[in-house]
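> So you can see what is in the structure, the chains are spelled out below.
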Amino acid sequence: MATVLELQNIQKKFKDRTILESVNLNLQDGEFLSLLGPSGCGKSTLLRLMAGLENPTSGTLSWHTAEKKTAFVFQEAQLLSWRTVLENVRLPLEIQAKLSQKEQDEKSHFALQKVNLTSFESFFPHELSGGMKMRVSIARALSASPKILFMDEPFSALDEITRFGMQKQLRTLCEQDKLSVVFVTHSSYEAAFLADRVLLMSAQGGQFLLNEKIIYSQPREDSLRLSPDYHSHIAKISAKMSESFL
Amino acid sequence: MNSLKKINLPALISLLVGILLYEAAVYFSWIPEFLFPAPSTILKTLAENKLDFVKAFLETLQGSLAGLGLSIVFGIALAILFSLSNFLQKAILPFAVFFQTIPIIAIAPLLVIYFGFGMPTVVVAAFIVSIFPIIANTLLGLESVPKPELELFRLYRASPLQCLFKLKLPTAYPSIYAGLKVSIGLAIIGAIAGEFVAGGGLGAMIDSARTQQRIDIVFGALGLLALMGLTCLTFLRLSHKLVQKMRPYGLNLKD
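Chains as they are written, first to last, in my numbering: chain A, 1 to 246; chain B, 1001 to 1255.
Hints listed in this document are in silico derivations from the structure and should not be mistaken for laboratory results.
Do not take every clue at face value.
Stated by the list, open to error - In silico SDA-like links for lysine to any residue, alpha-carbon gap of 20 Å or less:
| no. | chain 1 | residue 1 | chain 2 | residue 2 |
| --- | --- | --- | --- | --- |
| 1 | B | K1147 | A | E54 |
| 2 | B | K1181 | B | L1070 |
| 3 | A | K69 | B | E1149 |
Said to hold, decoys possible - Take a look, some chain B residues computed to stay more than 10 Å from chain A by CB distance:
| no. | residue |
| --- | --- |
| 4 | A1096 |
| 5 | L1155 |
| 6 | Q1162 |
Built from N, CA and C at the ideal position, the CB exists for glycine as well.
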């Protein structure tokens, strides 16, 4: 697999506080990478650095792709209340202004199809449930056909049933579209279900305590949550977690 | 319509009771009629001078709305300018704050000198008092865009204009509406102050009635002014509801 994004000796300080100290990281093409760690460990900062929302204090961040097609999904859906579902999804295309109105609508419609929300196109965000809002947010991220998706704890505000459904749907989507994903979470269960690789971050300084490749003998369906494969990964992550944080 | 059902019944009752008490107080000579004309007398005066009152009402309304219209255009434009340039905001906004502390009634005589008798002075007076809440509220709204939404637009490499029209102005809508609610009343105050010195409308009517000791005319004009304010506010509220129905801007803000 080819590397799409490479981080070398990335350091990030906010005033005098060092959040990340010399981070080295490669993101592979088509890889689902999960950044796992306790609150305040700098995982969101690292994600924002990769997405270009923050600049590193020092170190280099190099892209090995012809064009940088990325999208970001925030913790909250961040939909614009005055726009319908379709108009929210169309926003990135509208700003790019490369396609005709009709093509923009078609692409947005297609993105909504991927998250099974086409029948809600003319609804406003306040008429949707939390899970549906997040699906619209994901459709918006997908509408401009990105290659890399950055996600910052997108499911943390959802109830468990919705969250499980969303995780399954996200994983399927990423495989269909061959996306590379960086997914920040504080749940080892979520990380192990979704990711091809889990990076466990230390509470301070942003060091990686564990670089766990996740491989299963079965597809990522709900039944996976009961499998020994899944639990052995979680056991390994949990052991490392308690070792370093307690 | 829905808003008719929601008429505040207790307020309507206390209004009617108040008018009846007032009428009775005058009728039984508890209060002097030459200082406090009875509601029935005021109504009679209004009916007798119908044409004058209607003409004056329309003049004042016209002056107020023209001033308010200018405030909306220039107020929003200035707020946008201030939100784009921190320097301009710091250079100009403090003076706008300072300027609005000077009572309009004290500025009005100057305005007559600059703009002459009649409508222009009235419009400028209404404009001066009603622009500040629009600037302040619009600016507040433009600067209250949540950080993630700004970042979203940054990630999509939106131009400043796209950011303004697709994000900041829609976000500011509830604040602009709040500013308008205040400004509408202020515009009427400004127009009356302008009319006191420049003539025309209900303001001049009140002023000349005062010199003739026609307190019934003063009361009639006051009643019409209250009606004007209420009508404008109701119109504004209904338009707001209509807008909200089509485009739910800032749903967390009520009415």
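> All hints, please: hold or fail.
Checked hints:
At most 20 Å may separate the alpha-carbon atoms for a hinted pair to count; B/K1147 and A/E54 meet this at roughly 13 Å. At roughly 15 Å between alpha-carbon atoms, B/K1181 and B/L1070 fall within 20 Å of each other, so this suggested pair holds. In summary, the hint linking A/K69 to B/E1149 is supported, as the alpha carbons are separated by about 19 Å, within the 20 Å threshold. Under the 10 Å C-beta cut-off, the non-interface status given to B/A1096 relative to chain A holds; the minimum distance is some 29 Å.
The Cβ of B/L1155 does not lie farther than 10 Å from every Cβ of chain A; its closest approach is about 5 Å, which violates its non-interface assignment. Its closest Cβ contact with chain A, about 6 Å, brings B/Q1162 to no more than 10 Å, contrary to its assignment away from the interface.
Hint check: violations occur at hints 5, 6; the rest are consistent with the structure.
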